[in-house]
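All chains should be modelled from the sequences, with the hints used to inform the complete structure.
4 protein chains.
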Amino acid sequence: MLVVMKNHATPEQIDQVLGAIRRLELTAHPLPGATRTAIGITGNVGAVDPRSLEVLPGVLELIRVTKPYKLASREMHAEDTTIRTPQTTIGPGTFTLIAGPCSVENEEMILRTADFLRGLGVNLMRAGAYKPRSSPYAFQGMGQEGLDILARAREKTGIGIVTELLDTDNADAVEAAADIIQIGTRNMQNFSLLKRVARARKPVLLKRGMAATLEEWLMAAEYVMAGENYEVVLCERGVRTFSDHSRNTLDLSVIPPVRALSHLPILVDPSHGTGKRDYVPAMALAALAAGADGLLIEIHPTPEKALSDGAQSLDFAAFASLVERLRRLAEVLGRTLN
Amino acid sequence: MLVVMKNHATPEQIDQVLGAIRRLELTAHPLPGATRTAIGITGNVGAVDPRSLEVLPGVLELIRVTKPYKLASREMHAEDTTIRTPQTTIGPGTFTLIAGPCSVENEEMILRTADFLRGLGVNLMRAGAYKPRSSPYAFQGMGQEGLDILARAREKTGIGIVTELLDTDNADAVEAAADIIQIGTRNMQNFSLLKRVARARKPVLLKRGMAATLEEWLMAAEYVMAGENYEVVLCERGVRTFSDHSRNTLDLSVIPPVRALSHLPILVDPSHGTGKRDYVPAMALAALAAGADGLLIEIHPTPEKALSDGAQSLDFAAFASLVERLRRLAEVLGRTLN
Amino acid sequence: MLVVMKNHATPEQIDQVLGAIRRLELTAHPLPGATRTAIGITGNVGAVDPRSLEVLPGVLELIRVTKPYKLASREMHAEDTTIRTPQTTIGPGTFTLIAGPCSVENEEMILRTADFLRGLGVNLMRAGAYKPRSSPYAFQGMGQEGLDILARAREKTGIGIVTELLDTDNADAVEAAADIIQIGTRNMQNFSLLKRVARARKPVLLKRGMAATLEEWLMAAEYVMAGENYEVVLCERGVRTFSDHSRNTLDLSVIPPVRALSHLPILVDPSHGTGKRDYVPAMALAALAAGADGLLIEIHPTPEKALSDGAQSLDFAAFASLVERLRRLAEVLGRTLN
Amino acid sequence: MLVVMKNHATPEQIDQVLGAIRRLELTAHPLPGATRTAIGITGNVGAVDPRSLEVLPGVLELIRVTKPYKLASREMHAEDTTIRTPQTTIGPGTFTLIAGPCSVENEEMILRTADFLRGLGVNLMRAGAYKPRSSPYAFQGMGQEGLDILARAREKTGIGIVTELLDTDNADAVEAAADIIQIGTRNMQNFSLLKRVARARKPVLLKRGMAATLEEWLMAAEYVMAGENYEVVLCERGVRTFSDHSRNTLDLSVIPPVRALSHLPILVDPSHGTGKRDYVPAMALAALAAGADGLLIEIHPTPEKALSDGAQSLDFAAFASLVERLRRLAEVLGRTLN
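Chains as they are written, first to last, in the numbering used here: chain A, 57 to 394; chain B, 57 to 394; chain C, 57 to 394; chain D, 57 to 394.
One thing to keep in mind: the hints can contain errors.
Which copy is meant is left open, because identical chains are indistinguishable; a pair holds if it fits in one copy or across any two.
[As the list claims (entries may be wrong)] Within a straight-line C-alpha distance of at most 25 Å, the following computed BS3-like cross-link-like pairs (lysine-lysine) qualify:
{"#": "1", "residue 1": "Lys258", "residue 2": "Lys212"}
{"#": "2", "residue 1": "Lys126", "residue 2": "Lys251"}
{"#": "3", "residue 1": "Lys62", "residue 2": "Lys126"}
{"#": "4", "residue 1": "Lys251", "residue 2": "Lys123"}
{"#": "5", "residue 1": "Lys62", "residue 2": "Lys361"}
{"#": "6", "residue 1": "Lys123", "residue 2": "Lys361"}
{"#": "7", "residue 1": "Lys258", "residue 2": "Lys126"}
{"#": "8", "residue 1": "Lys212", "residue 2": "Lys251"}
{"#": "9", "residue 1": "Lys212", "residue 2": "Lys62"}
Rather than coming from a laboratory, the hints here were simulated on the basis of the structure. Source: prediction; values computed, not measured.
Given below as structure tokens:
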């Protein structure tokens with residue numbers, strides 16, 4: 057952390073800042089310049105509210121130097137992390153597909169989807185039993201009955217289950233049913249929920265918040281890891297910007313910085329990112345080429361009848377065709393679809 | 057809702073859309089134009105995923121016409137709503153101040169602050185016992201002990217308490233301690249939490265999400281109202297944009313549309329909106345002039361020692377001076393500070 | 057400027073950075089810390105592309121400390137600047153109204169508007185002869201004929217003219233006709249145009265770009281001032297964000313930082329900021345309370361017949377009523393309408 | 057266009073709207089619904105300011121149905137457009153590389169770069185003679201001397217030249233020197249400049265504005281095409297959002313909607329999009345996979361000595377390696393690098 061003094065700051069003002077830093081039990085390193093003085097700070101700066109210094113007389117601004125996340129950071133863990141479920145792995149060398157309907161609608165469609173996916177060599181199915189809907193009048197998911205259906209689908213087909221946890225009340229049930237627990241974009245900073253999944257024994261798929269910076273996202277991962285659940289998979293699903301040609305702005309450009317700053321795997325969800333079925337395949341291929349570790353994709357046996365998100369769901373034929381295209385691309389890129 | 061067909065859409069494609077609308081149990085009104093056909097839809101369109109129609113052959117786009125919120129809408133409730141606590145009211149004719157520290161830090165500072173506020177004629181105090189912090193390593197609030205301190209402060213001084221609820225686990229305790237339950241920006245779409253406070257018997261202060269549209273915000277209010285808690289106060293606290301001169305972009309321009317579209321009162325939080333103490337008074341005065349129903353402001357007996365958000369907290373002298381300026385301005389505007 | 061090294065940077069990497077800094081003819085100040093080294097840089101850093109250092113081996117990041125603008129900065133010019141036209145002043149103690157139609161449509165409506173404004177005590181009229189329109193098929197303004205009409209209106213009524221310059225081709229004509237030359241939001245970084253008005257002998261009203269940071273805006277002012285035209289008035293007119301309840305997001309929160317960082321006066325344009333007539337008065341009052349130096353407002357004798365921007369124009373009665381409300385508010389705030 | 061009436065609108069209010077539509081010489085189609093009436097409008101709605109209707113009594117909102125662009129639209133021109141220069145083509149089946157330094161710095165580096173590119177089979181070189189710089193104190197480009205150097209490089213090596221036009225003053229000179237005239241992001245809505253290049257006999261590379269919607273971008277293309285220069289190449293280069301992990305947010309998700317709505321080719325500039333050399337290759341590969349028609353990439357013989365944008369420039373070795381990776385990927389995707 058660095059305190060930059062105004063160019064007419066007095067020696068007394070500088071001394072006052074040095075004193076304030078020491079009272080915070082940090083070490084101050086004054087750096088006099090030609091026109092102004094800066095003061096470097098070392099020590100446990102993570103726990104300090106930087107702005108308490110920023111308002112002292114003579115201070116121009118305060119600049120944070122070190123990153124506030126540790127466990128999620130590549131500096132602390134140089135090698136890429138591999139996440140394992142009973143069915144598959146997510147991480148280096150592979151490109152993992154997770155597909156399925158937005159919501160569990162009934163047992164038949166879940167079994168059909170699971171069978172279809174297994175036939176394609178896809179090992180993880182996504183489907184929501186608890187749904188976060190912006191309207192209280194919209195379908196809210198099948199709840200526990202949906203979880204039971206997912207558990208039976210896993211039993212019958214061997215497919216792994218990725219399903220969303222909305223609140224601590226249902227945490228035990230979701231943890232039991234899921235192979236990977238999904239935390240949705242609206243809950244990325246639901247810290248009580250993060251602390252709960254930090255105690256889960258299942259990997260956590262952490263979607264990026266709609267307006268989350270990369271630092272905030274990695275800090276959310278840090279919440280989970282600080283509770284000793286180190287199995288976190290990031291998932292980019294589009295952020296909110298002025299741009300109105302798609303439902304959200306899918307930020308594929310976050311992939312290289314995630315790779316540089318963190319060791320955690322990153323998936324991409326082009327279904328929510330674009331909100332439109334026709335745009336999904338192009339973004340799926342782009343995510344693979346950009347270096348993502350896999351995809352989260354919405355498919356539905358009959359998208360036009362889906363209870364939610366039908367317009368962004370691929371039908372089975374379109375998904376099978378996309379998988380084929382991904383497979384050819386992955387080969388050139390030295391990656392294996394799984 | 058309106059379906060716009062492409063200009064070369066065939067009669068068969070139009071029939072297919074008409075059929076799809078009927079299968080959704082809605083009424084279709086074809087509107088043939090010179091170069092293309094549009095189809096109006098009436099009925100309970102709120103529960104329909106509009107995009108299921110958007111992907112049918114021949115469809116150019118689908119346009120939502122009616123608003124999805126009802127109870128929060130001024131169309132359903134023409135008069136401004138007044139919210140009452142035992143200590144005061146929020147709504148037409150008044151301008152309500154809610155002030156206090158970011159966090160409960162100890163009993164002494166809470167009592168000092170409550171006494172100070174009562175002395176100024178301020179009837180509601182804000183202070184967090186449970187704190188949503190972006191870092192797991194930062195101070196997370198005093199929890200139940202903090203709530204107890206707030207309850208004692210109310211008992212001793214008669215001041216009303218506004219405090220944040222983070223999760224359903226602590227809902228009973230927070231509901232007991234609070235006169236107004238605050239839902240923070242990160243939880244605006246925590247639907248499980250919204251459903252819980254819909255059952256509370258206390259008013260809810262609903263902060264706007266960091267990237268929430270006005271419609272999403274009113275839909276979040278609708279969640280609370282749909283559970284028959286009609287006492288919702290909106291609070292603008294800054295949204296996330298590219299702009300980097302302040303902590304967030306305080307969107308005062310949302311006030312007139314809120315007034316036009318909803319009957320609920322709206323407060324402004326210039327402390328989080330700007331993130332910088334020096335910028336707070338100007339934005340507080342502007343909020344009053346723009347037509348807000350009141351303010352939520354962070355103050356602290358010794359801001360430079362605050363455990364959180366010190367840089368955006370006013371000290372007592374600065375707040376007293378601001379209240380005096382607000383009082384003079386309110387008088388010209390025909391409003392009474394309370 | 058500060059170079060932050062990675063925590064495992066080698067002494068050789070540090071030496072390489074020190075050498076690179078020296079080759080840029082700057083002075084390097086190494087600052088060793090417990091876990092990493094930082095290097096302060098002084099000298100003429102404004103002309104350096106900081107990112108050339110950022111990519112050297114062992115460098116974590118590079119942080120800019122000093123502001124790149126000088127002439128526009130309050131550090132260089134402590135007192136508020138007052139801008140003078142033959143008719144009035146803009147700056148401390150006053151609140152200056154500039155009103156008029158979006159476009160010059162004909163002589164009659166311009167004269168009516170000028171007479172009306174003079175009757176209200178308003179000394180500056182805005183109206184565009186050259187119009188930047190997003191569609192090539194939309195009305196592009198009356199051009200030179202429009203400028204002639206404005207010149208005659210000034211002659212007859214004594215009102216000052218604020219009109220937009222779109223390109224260097226028309227610079228002489230616009231400079232001759234205008235008392236203040238307006239640079240529109242789409243041209244804030246049209247550097248050729250900025251260099252041209254830097255040579256003008258008229259004040260420049262510089263609208264903020266739709267996605268301009270405060271620093272970029274002040275740098276655009278710096279372009280004009282670097283050419284020795286020191287008469288720059290800033291004008292906030294709404295920025296582009298995800299928020300869709302208004303045409304743009306009027307960023308009143310930029311006013312306090314502009315005051316803190318610059319000595320230049322700042323106006324607010326609530327007409328473009330909101331895009332909707334009904335929302336203009338609330339934002340106009342808020343701009344005054346927030347500390348702006350004045351307003352730029354669209355009015356029209358018959359808004360429903362306006363050739364452009366009719367929906368955001370006030371009619372004369374609504375404007376007269378707003379002026380009255382502004383006058384009462386200004387009085388309490390110790391400001392004089394002019 | 058569709059006018060939606062409020063649910064209590066009176067028959068008189070509806071008649072007033074119908075009259076207003078007719079006075080605009082448009083055709084009104086009333087559509088009565090269960091709770092409210094909507095009114096469809098057909099005719100030449102492009103020239104109408106929609107908001108003149110929106111402010112009439114009883115009107116809830118006004119919705120635009122048809123797109124305002126015609127010549128740029130795929131509805132008007134179903135087949136993909138191919139742009140030809142003397143050296144190469146841009147369009148279906150190919151993937152066109154345009155590379156070179158940010159600025160012309162001297163003849164030697166331009167010739168070295170041109171030779172290097174020709175050796176790799178790249179036929180178009182980018183380099184700026186006139187540079188838009190956010191600081192008036194930064195290097196502004198070599199100007200005419202730079203254009204002369206580019207002309208000689210073309211003569212000696214046969215490489216095509218892509219260079220930026222900043223203002224109408226230099227239009228003749230740039231048009232003479234360039235094979236493709238670049239319009240930069242800050243000038244996307246510099247309508248005077250667009251009208252000037254509409255008269256040029258060279259193709260125009262139109263970069264997306266930093267905060268431009270897709271519609272605004274296509275309208276800017278429409279300006280050029282309306283002047284009968286149909287040779288427009290779009291170029292996505294990153295937009296401005298809250299996201300701070302890269303210089304801009306490269307919006308690859310705009311590619312599928314551009315394909316759907318327009319017949320014009322689209323390139324991607326990952327250098328400006330990311331602002332960081334290390335992130336460029338991943339985004340370049342992703343752009344190809346997403347369906348772009350080519351890339352605009354900054355390279356420099358010695359990036360660490362570049363006068364501008366060195367940090368985002370690839371050196372020759374890194375670029376050669378990227379071209380090789382692109383070639384392998386293009387093959388799988390059925391595209392030919394050129």
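Hints, one by one, checked against the model:
no., hint, result
1, Lys258 x Lys212, "within (21 Å within a copy, 48 Å between copies)"
2, Lys126 x Lys251, "within (17 Å within a copy, 35 Å between copies)"
3, Lys62 x Lys126, "between (32 Å within a copy, 14 Å between copies)"
4, Lys251 x Lys123, "within (21 Å within a copy, 36 Å between copies)"
5, Lys62 x Lys361, "between (63 Å within a copy, 22 Å between copies)"
6, Lys123 x Lys361, "between (47 Å within a copy, 23 Å between copies)"
7, Lys258 x Lys126, "within (21 Å within a copy, 40 Å between copies)"
8, Lys212 x Lys251, "neither (32 Å within a copy, 35 Å between copies)"
9, Lys212 x Lys62, "neither (69 Å within a copy, 45 Å between copies)"
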